[in-house]
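**Student:** Please model the entire structure based on the sequences and the hints provided.
The chain contents come next:
There are 4 protein chains.
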Amino acid sequence: MVNVVLISHTPDPERTIAAAARVSASPVSAVELLEKLTPDRVDRLIRRLLSSGHLSVFEHVSFTFAIEGISRVTSHQLVRHRLASYTQQSQRYVSLKEFNYITPATISDKPEWGDKYHEMVRAAHDLYLKMLDAGIPAEDARYVLPNAAETRLVMTMNARELIHACSLRLCLRAQWEIVELFEHIKAEVEKVAPRLGAELKPKCYRLGYCDEVQSCGIFPTRAELADKGERGK
Amino acid sequence: MVNVVLISHTPDPERTIAAAARVSASPVSAVELLEKLTPDRVDRLIRRLLSSGHLSVFEHVSFTFAIEGISRVTSHQLVRHRLASYTQQSQRYVSLKEFNYITPATISDKPEWGDKYHEMVRAAHDLYLKMLDAGIPAEDARYVLPNAAETRLVMTMNARELIHACSLRLCLRAQWEIVELFEHIKAEVEKVAPRLGAELKPKCYRLGYCDEVQSCGIFPTRAELADKGERGK
Amino acid sequence: MVNVVLISHTPDPERTIAAAARVSASPVSAVELLEKLTPDRVDRLIRRLLSSGHLSVFEHVSFTFAIEGISRVTSHQLVRHRLASYTQQSQRYVSLKEFNYITPATISDKPEWGDKYHEMVRAAHDLYLKMLDAGIPAEDARYVLPNAAETRLVMTMNARELIHACSLRLCLRAQWEIVELFEHIKAEVEKVAPRLGAELKPKCYRLGYCDEVQSCGIFPTRAELADKGERGK
Amino acid sequence: MVNVVLISHTPDPERTIAAAARVSASPVSAVELLEKLTPDRVDRLIRRLLSSGHLSVFEHVSFTFAIEGISRVTSHQLVRHRLASYTQQSQRYVSLKEFNYITPATISDKPEWGDKYHEMVRAAHDLYLKMLDAGIPAEDARYVLPNAAETRLVMTMNARELIHACSLRLCLRAQWEIVELFEHIKAEVEKVAPRLGAELKPKCYRLGYCDEVQSCGIFPTRAELADKGERGK
Numbered sequence: 001m002v003n004v005v006l007i008s009h010t011p012d013p014e015r016t017i018a019a020a021a022r023v024s025a026s027p028v029s030a031v032e033l034l035e036k037l038t039p040d041r042v043d044r045l046i047r048r049l050l051s052s053g054h055l056s057v058f059e060h061v062s063f064t065f066a067i068e069g070i071s072r073v074t075s076h077q078l079v080r081h082r083l084a085s086y087t088q089q090s091q092r093y094v095s096l097k098e099f100n101y102i103t104p105a106t107i108s109d110k111p112e113w114g115d116k117y118h119e120m121v122r123a124a125h126d127l128y129l130k131m132l133d134a135g136i137p138a139e140d141a142r143y144v145l146p147n148a149a150e151t152r153l154v155m156t157m158n159a160r161e162l163i164h165a166c167s168l169r170l171c172l173r174a175q176w177e178i179v180e181l182f183e184h185i186k187a188e189v190e191k192v193a194p195r196l197g198a199e200l201k202p203k204c205y206r207l208g209y210c211d212e213v214q215s216c217g218i219f220p221t222r223a224e225l226a227d228k229g230e231r232g233k
Numbered sequence: 001m002v003n004v005v006l007i008s009h010t011p012d013p014e015r016t017i018a019a020a021a022r023v024s025a026s027p028v029s030a031v032e033l034l035e036k037l038t039p040d041r042v043d044r045l046i047r048r049l050l051s052s053g054h055l056s057v058f059e060h061v062s063f064t065f066a067i068e069g070i071s072r073v074t075s076h077q078l079v080r081h082r083l084a085s086y087t088q089q090s091q092r093y094v095s096l097k098e099f100n101y102i103t104p105a106t107i108s109d110k111p112e113w114g115d116k117y118h119e120m121v122r123a124a125h126d127l128y129l130k131m132l133d134a135g136i137p138a139e140d141a142r143y144v145l146p147n148a149a150e151t152r153l154v155m156t157m158n159a160r161e162l163i164h165a166c167s168l169r170l171c172l173r174a175q176w177e178i179v180e181l182f183e184h185i186k187a188e189v190e191k192v193a194p195r196l197g198a199e200l201k202p203k204c205y206r207l208g209y210c211d212e213v214q215s216c217g218i219f220p221t222r223a224e225l226a227d228k229g230e231r232g233k
Numbered sequence: 001m002v003n004v005v006l007i008s009h010t011p012d013p014e015r016t017i018a019a020a021a022r023v024s025a026s027p028v029s030a031v032e033l034l035e036k037l038t039p040d041r042v043d044r045l046i047r048r049l050l051s052s053g054h055l056s057v058f059e060h061v062s063f064t065f066a067i068e069g070i071s072r073v074t075s076h077q078l079v080r081h082r083l084a085s086y087t088q089q090s091q092r093y094v095s096l097k098e099f100n101y102i103t104p105a106t107i108s109d110k111p112e113w114g115d116k117y118h119e120m121v122r123a124a125h126d127l128y129l130k131m132l133d134a135g136i137p138a139e140d141a142r143y144v145l146p147n148a149a150e151t152r153l154v155m156t157m158n159a160r161e162l163i164h165a166c167s168l169r170l171c172l173r174a175q176w177e178i179v180e181l182f183e184h185i186k187a188e189v190e191k192v193a194p195r196l197g198a199e200l201k202p203k204c205y206r207l208g209y210c211d212e213v214q215s216c217g218i219f220p221t222r223a224e225l226a227d228k229g230e231r232g233k
Numbered sequence: 001m002v003n004v005v006l007i008s009h010t011p012d013p014e015r016t017i018a019a020a021a022r023v024s025a026s027p028v029s030a031v032e033l034l035e036k037l038t039p040d041r042v043d044r045l046i047r048r049l050l051s052s053g054h055l056s057v058f059e060h061v062s063f064t065f066a067i068e069g070i071s072r073v074t075s076h077q078l079v080r081h082r083l084a085s086y087t088q089q090s091q092r093y094v095s096l097k098e099f100n101y102i103t104p105a106t107i108s109d110k111p112e113w114g115d116k117y118h119e120m121v122r123a124a125h126d127l128y129l130k131m132l133d134a135g136i137p138a139e140d141a142r143y144v145l146p147n148a149a150e151t152r153l154v155m156t157m158n159a160r161e162l163i164h165a166c167s168l169r170l171c172l173r174a175q176w177e178i179v180e181l182f183e184h185i186k187a188e189v190e191k192v193a194p195r196l197g198a199e200l201k202p203k204c205y206r207l208g209y210c211d212e213v214q215s216c217g218i219f220p221t222r223a224e225l226a227d228k229g230e231r232g233k
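Chains as they are written, first to last, in this note's numbering: chain F, 1 to 233; chain Z, 1 to 233; chain H, 1 to 233; chain X, 1 to 233.
No lab work stands behind these hints, which were simulated from the structure alone. Be aware that a few hints might be false.
Unchecked claim - Distance windows between CB atoms, simulated: (1) Glu183/F - Gln214/Z: 40 to 46 Å; (2) Gly53/Z - Tyr205/F: 42 to 48 Å; (3) Arg44/Z - Asp133/X: 53 to 59 Å; (4) Pro39/H - Val28/X: 54 to 60 Å.
Unchecked claim - Rough simulated footprint, nothing fancy, chain X against chain H, three-plus residues with beta-carbon under 8 Å: (5) 76-87; (6) 118-127.
By construction, the Cβ of each residue, glycine as well, lies at the ideal position given by its N, Cα and C atoms.
**Tutor:** As structure tokens, this is what we get:
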């Protein structure tokens with residue numbers, strides 16, 4: 001089961017973003033700005049930056065998460081977000097004596113397949129352990145382990161990339177496991193930066209339409225939107 | 001079996017690097033430099049840039065490879081090089097009817113384990129196919145597939161990052177499969193850019209020592225080197 | 001005067017993008033895909049990728065430009081696009097005996113200010129030359145040179161970042177000199193990749209609305225669009 | 001005069017780095033690691049990571065600086081470090097009524113040139129102000145301002161990139177103003193992360209030799225080192 005803990009982050013993240021933003025168009029120093037910004041001013045600045053797409057200042061704050069209980073399927077997808085830092089538990093150096101794995105609901109929902117799945121996954125792990133005992137290195141024995149195998153990692157991502165990654169990974173087109181992961185990430189961010197956390201949303205919320213071929217229904221596609229606009233004339 | 005084909009690259013890569021390098025300290029235009037550089041001058045410039053570590057100009061040329069026959073173990077390691085572009089065959093959208101997989105030599109060398117390994121991997125793929133037939137989506141059925149499963153991808157990397165990635169991945173501390181992959185990559189580069197290809201080497205060649213705890217023997221560790229220097233006095 | 005020459009690029013860029021895109025969802029090899037794609041198929045793929053925002057495959061092709069005749073104002077803005085490679089003529093190592101500089105039209109249009117501007121810029125360069133003669137290093141003498149001073153550089157950018165940079169820098173909110181620079185860049189790309197070149201447009205064309213506070217008139221702002229949609233109901 | 005204030009940073013940076021590093025080769029969770037690491041263990045881990053060049057874990061902590069009193073010469077050099085985030089005071093949106101500028105010591109040391117320099121810089125700023133009054137936009141009037149003009153910015157850089165940037169910018173081959181800037185940055189980091197701060201050093205300290213053509217004397221060049229090793233045999 002996915003487990004996400006925010007282990008560290010830039011302190012006072014929203015104030016830091018707002019102060020950095022003000023430096024660009026102000027003759028006053030960042031230190032002074034940081035002190036003088038009222039919570040209300042921070043609030044208005046954050047909202048204006050988001051609506052106008054001036055996102056570079058969101059890079060000044062970053063969040064470090066301990067992530068556990070995700071499959072290697074999902075860690076392989078996750079690390080494709082290149083503007084972030086990852087330290088992952090190594091299957092080369094850590095022998096997985098205790099074995100946890102993920103089971104998709106589409107499999108566990110069908111008892112006959114769930115049973116076969118569990119049996120297969122356990123048999124693979126059993127062979128893995130036997131190969132370790134026979135002196136085969138962990139880095140090679142792991143070739144028999146399934147994609148389902150759980151992994152853990154530490155991930156640091158700045159707020160701009162969090163907004164971007166969530167825009168893709170909270171979209172229902174993403175796979176269920178990574179959607180779930182980013183829902184946990186969003187919940188952790190909301191605890192310490194509620195305005196920013198509220199902005200971690202699928203891309204359609206920012207665009208005002210769905211840019212996929214078919215919409216999930218939250219927003220119309222761009223073609224549907226254009227059509228509606230026409231009819232409005 | 002790993003198969004690497006260089007499908008595209010910046011034309012005349014070494015001349016392009018040399019011309020870009022000369023722009024920095026020359027009052028002449030890049031277009032003129034590109035035309036006037038003799039092969040001999042290109043050669044000397046490339047060597048000087050490499051020895052002095054002025055590697056930023058190597059970013060101006062890039063190489064696009066079609067990579068096949070590597071395991072998901074290795075693709076997961078490969079995509080950790082973030083300064084490159086990857087398009088990987090999706091296990092979500094492509095149903096792997098025909099199944100190829102990698103077998104480490106430490107397993108195939110021991111017939112009793114090799115047999116068990118092949119049997120297990122095929123059983124996992126067999127269950128995968130049956131789950132597909134039962135209507136389980138490919139993106140979920142694949143959780144049962146082993147790390148050994150073959151994947152293919154297109155990778156574009158610039159010459160600076162190639163030098164860096166090879167410095168790590170041609171080191172004998174890297175896992176055999178990714179060492180093999182980068183040996184193929186190096187061979188492809190050497191065909192079209194021999195000087196650059198020759199520079200794709202483990203990091204110890206550039207450092208002049210091994211910075212790992214224990215050396216493979218090609219170069220002494222830094223501690224051993226300091227020791228030798230002392231005795232030389 | 002800004003002068004841009006495309007000195008190198010990934011050969012057959014649109015076919016390369018299309019082949020890479022197909023790898024993701026196809027059981028066929030990249031090499032085979034590259035050979036078999038008809039021009040018509042390439043055309044349709046490129047258009048579909050662009051409309052659905054699947055832009056990562058555009059990273060597989062890159063373009064190298066020799067850029068001359070831009071001010072240091074503009075080069076300072078340009079290098080803020082971090083996902084690109086730059087080699088710039090150094091004011092540390094190159095003594096600017098021959099001095100060229102940029103004059104904004106808002107200044108040259110007013111003869112009285114134009115004259116004062118030229119006089120001041122030339123006086124600054126004159127002092128620069130005298131300081132060089134007096135043995136002051138070029139890297140320090142240049143502190144007196146104006147922002148207007150011309151510079152030259154070699155820039156390599158992949159197609160995805162070109163789309164992004166043009167979306168910002170062809171917007172009329174950008175400064176006139178960098179707009180002009182990217183118009184030249186677009187013109188160079190169009191010569192070798194017409195479909196891609198045609199897509200190098202201000203961000204409003206992709207969004208379908210203007211996300212700035214005030215629109216230049218090409219597209220309505222998002223607020224205006226929402227308003228129109230409402231009235232359409 | 002350069003002024004650097006560390007306005008924010010990942011709390012407890014060295015412990016965070018050490019915990020992340022341990023995740024890679026440990027079966028224990030990051031949260032548990034973070035709690036249990038003794039200061040002594042943190043110390044040993046940080047030193048081992050640095051000496052073996054395993055620097056990716058240093059990306060998990062970042063530092064945000066308010067930087068003031070540097071010239072546009074130096075800000076142009078600074079933003080070339082692409083793996084960092086910058087928000088700079090805009091010369092487009094901020095009219096520089098109050099004008100500060102940098103004077104290189106090689107100029108101020110020679111009174112006759114110092115006087116001419118100050119006169120020229122002030123004359124340029126005077127013309128700038130008059131052009132503003134005449135209705136020329138600030139973004140264009142600034143073309144007459146010198147490279148010497150002071151700027152301010154907020155910069156966020158992670159510890160890995162800080163190590164890299166310092167390795168280049170604390171080298172005596174860098175220009176005096178950016179050396180001074182990074183000395184201030186180092187001093188700020190040392191206050192909150194003394195082990196890490198101590199590691200912010202010119203590249204020769206890490207390499208064990210100077211990789212430039214000529215050494216400043218701290219370390220021998222690689223050629224000189226090889227020569228010494230030979231004689232030691």
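**Student:** Decide, hint by hint, whether the structure agrees.
**Tutor:** Hints versus structure:
1. Checked against the given bound of 40 to 46 Å, the beta carbons of Glu183/F and Gln214/Z, roughly 44 Å apart, stay inside it.
2. Under the hint 42 to 48 Å, the C-beta atoms of Gly53/Z and Tyr205/F, about 46 Å apart, fit the expected range.
3. Between Arg44/Z and Asp133/X the C-beta distance comes to about 55 Å, which sits within the given range of 53 to 59 Å.
4. For the pair Pro39/H and Val28/X, the beta carbons lie near 57 Å from each other, so the given range of 54 to 60 Å is met.
5. Three residues within the 8 Å Cβ limit are the bar, and the segment 76-87 of chain H against chain X gives 6, so the coverage statement holds.
6. Check result for the segment 118-127 of chain H against chain X: holds, 5 residues qualifying (beta carbon to beta carbon below 8 Å, three or more required).
Of the numbered hints listed earlier, not one is contradicted by the structure.
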